[in-house]
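Go ahead and model the full structure; you've got the sequences and the hints to work with.
Just so you know, the sequences run in chain order L and B. Heads up: the first sequence begins at 1 in our numbering, then just goes up one per residue. Heads up: the second sequence begins at 1001 in our numbering, then just goes up one per residue.
Simulated from the structure, these hints should not be mistaken for laboratory data. Wrong hints could be hidden among the right ones.
[Stated by the list, open to error] Below, a list of computed lysine to aspartate or glutamate pairs in the EDC-like style, where the Cα atoms sit at most 20 Å apart:
id: 1; chain 1: L; residue 1: 209; chain 2: L; residue 2: 299
id: 2; chain 1: L; residue 1: 449; chain 2: B; residue 2: 1082
id: 3; chain 1: B; residue 1: 1061; chain 2: B; residue 2: 1082
id: 4; chain 1: L; residue 1: 449; chain 2: L; residue 2: 122
id: 5; chain 1: L; residue 1: 275; chain 2: B; residue 2: 1063
id: 6; chain 1: L; residue 1: 129; chain 2: B; residue 2: 1063
id: 7; chain 1: L; residue 1: 131; chain 2: B; residue 2: 1063
id: 8; chain 1: L; residue 1: 193; chain 2: L; residue 2: 299
id: 9; chain 1: L; residue 1: 147; chain 2: L; residue 2: 368
id: 10; chain 1: L; residue 1: 275; chain 2: L; residue 2: 363
id: 11; chain 1: L; residue 1: 449; chain 2: L; residue 2: 299
id: 12; chain 1: L; residue 1: 449; chain 2: B; residue 2: 1077
id: 13; chain 1: L; residue 1: 129; chain 2: L; residue 2: 299
id: 14; chain 1: L; residue 1: 449; chain 2: B; residue 2: 1063
id: 15; chain 1: B; residue 1: 1061; chain 2: L; residue 2: 122
id: 16; chain 1: B; residue 1: 1061; chain 2: B; residue 2: 1077
id: 17; chain 1: L; residue 1: 189; chain 2: L; residue 2: 202
id: 18; chain 1: L; residue 1: 185; chain 2: L; residue 2: 363
id: 19; chain 1: B; residue 1: 1067; chain 2: L; residue 2: 122
id: 20; chain 1: L; residue 1: 429; chain 2: B; residue 2: 1077
id: 21; chain 1: L; residue 1: 147; chain 2: L; residue 2: 363
[What the hints assert, rightly or not] Covered stretches of chain L (chain B as the covering partner; in silico rule of three or more C-beta atoms under 8 Å from a C-beta of chain B):
id: 22; region: 411 to 420
id: 23; region: 425 to 434
[Stated by the list, open to error] Here are a few chain L residues that face chain B, going by a calculated C-beta distance under 8 Å:
id: 24; residue: 104
id: 25; residue: 107
id: 26; residue: 221
id: 27; residue: 260
id: 28; residue: 290
Glycine residues also receive a C-beta, built at the ideal position from the N, C-alpha and C atoms.
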Amino acid sequence: MSDGQEPHSQDTSDAAYGRREFLGRTGKVVAATALAGSFSGVARAAGAARSRVASKTLNVWYLTGSPEETKYITSATAMWGGHHGVKTSVTPYDFDPMNRALKLALSSHRGPDVAYANPSPDDEFVYQKNKWIIDLNPLVKKYGWNKRFAPSVMNYWGTLCCDGNRPRTGIPFDLTAVDWFYNPKIFAKYGLKPPTTFAQLESLLATLKAKGYTPIGVGGLHVGDPGSLSFVFQQVVHQTVPRSVLQRQQLRDPNVSWNIPGIVQAATIVQNWVKKGYLNQNVLALSGSDADSMFLNGETPMIVNGTWKNQQYLAGTNFSPRFFPTPRIHPNWPWVMGGYSPNNVWMISSYASSQQTAATYLDHMLGEQVATILWNNSDIPAYRFKKTPKPRSQLQADVYAAMGKTETGFFLANVGGFFTTQYNPTLDKLWSLSITPQQLAQQFQSNYKQALAGG
Amino acid sequence: MAERFSVGTVRRRRRASRVHGVGSRLGGGVSPYLYLLPAFAVYGAFFLLPLYRIVEYSFLKWDGYSKQKWVGFANYERLAHDPLFWRAFRHNMVWMGAGITVPTIIGLGLAILLVRQPMHGRTYYRAVFFLPQVLASIVVAIVWQWIYSPSSGALDAVLRDVGLGRFQEAWLGSTTWALPAIFVAWAWTAYGLSMVIFIAALQSVDEEYFEAAKIDGASRLQQLRHVLLPFVRRPMTVVILVNAIGALQVFDLVFVITNGGPANATLVLSVYVYQNVFQILDVGYGSANAVALAIAIVLASMFFLRLRGMAERNA
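Structure below.
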């Protein structure tokens, strides 16, 4: 299989080493004996297969959200390897390094056998377009993966999916959504409830401000920092611009514009929130971690962030945070949550020496056993349980309910290229009131054009 | 016993001297070059080759993994009209202007204090003042980020406690103050080297010059100007050159503290190169930026080396 010579590669085979060695040796003996005609054809094939896989390593590159996640994925992988007599290696990656490393590795026909990586047009589609990853449609059919996940999640992009005629690039595993985490103790103190209409949200913000709180904790120091102010804008945009338009923007449709009334409306709403003091002061000088701290120590009753923070928020507070989706502005539109997506997707490299082994591994990772592990770690697996397990926390129950109620949404910054690098700098000007909402929309459109031109 | 000479002996000696690199007409034969070879190989592999490749890439349209396309000078034309490039370039120039003055003046001032002023614990102070120079830049970035934090930072707390609360700022969130704030962090790490170079120069000044000046009635300021400064003119050109190059190369502090924000107020060329090459994956355009940065560094170096030559001639 592949070389997999990457930093901090974790060989997960230690626990299974003895068993693998035993299976490998046994396999060889069995194969030799079978060749001599002592065993049946089935035994011969099984023995030979075992000896073959036992001498290889299945290299997995995993885009991880936290050390805890790395730990349980590594453990689940090792368990599978031990059971199948396959040595496994899991290499955890952060977001940017993964995208870079995977493109470079796959383009030189190296890299992992299986990758769990970012599902964006800038990445996943590039891998598929260059045929660095295999079409997963036959495996979807063979293993019945389609039945395990919600259609909206399987068909996230709506363009490359499950109709069997187009190649399928990746399979979802766990889900994320970005939206409002709140402090139920502060809400209870003032008799406040999660809003179900946008007017209620505005009223909630005004009430919290009147009670002496800065309602939303945000950080804007680092571009793309979790908890950053770009999320606040993103969530509002999902209520002012139809999902279909946002999707076309993400897919870099040259016929769609960012300079549209919906973007101006969202920018106006958010800039008004800045003016009214709903966001903490000094936004641009505080990091996402600062914003987290303000929420966790009760300074700000709410924070807009992603559900990958669930575990951190549950562990870091003396209250149990709760979650609600941004209410709709247009009551006749469906509910949509920004950043509600298959967090990342599993892909199989075209250069995996045993795609069959990789497929078997994926079938294991996409099954109920691993989904339960995810669930027990406060994640929301993409897997649809026949009977939903008991939530580990009220927060998890809130997120799960919100996901059931809303359609998937996007990470606006992920258009790629120049648009992505200038997304936050452009928003910075909105927060500092140095540009108007109209100018923001024009600037986004200009950045979008430059990105489309290859910048 | 006297050695017997013959034609054969002379030839053998010549051959031996050629092999050992002694006495050859080239002034050393092959041996010195053999000694240089490992260093040159490393230099070639890790400097010359990458430099060549970057120049080559700057003429391409390339994302780093798919097919390369030759575009001639298109990347340079784009660069000439790119407002972000010029903004970053302007920031670098401002940084260089401040970088050759602030750490130089602080380093010289401290060197004079530590060499000319009688005091206890001189070695201790030298070590303390030099300490920021040896800290990892990531550590420096994180420490100064804390110092500037509007919620828990030391700077605003001190201003508040000494009654200067009106000067409190969200330093890193301000488009006006963010760049100067990061520059201060950089200058904090840069003055140590300047100080050490000046100390070495000042220690070589014979005390008799000062005594003679005193006898002639020179004031302390006159001693400084007419006795001390001529001795530090040469090292000062070195300090200026080092600080100028360091200012143009600045990356780590900006990248960690603000990553070019807010609203590109701290964008410098090296960060812009990083964004283009590693985030946008526009390797060709990023390389053109890198070549422009390299040219700026070479020009600055040539200018300051010429300045140094003039200083040496005057000395």
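- Could you work out which earlier hints the structure fails to respect and list their numbers in ascending sequence? Of the numbered hints, 5, 10, 11, 13, 18, 20, 27 do not hold.
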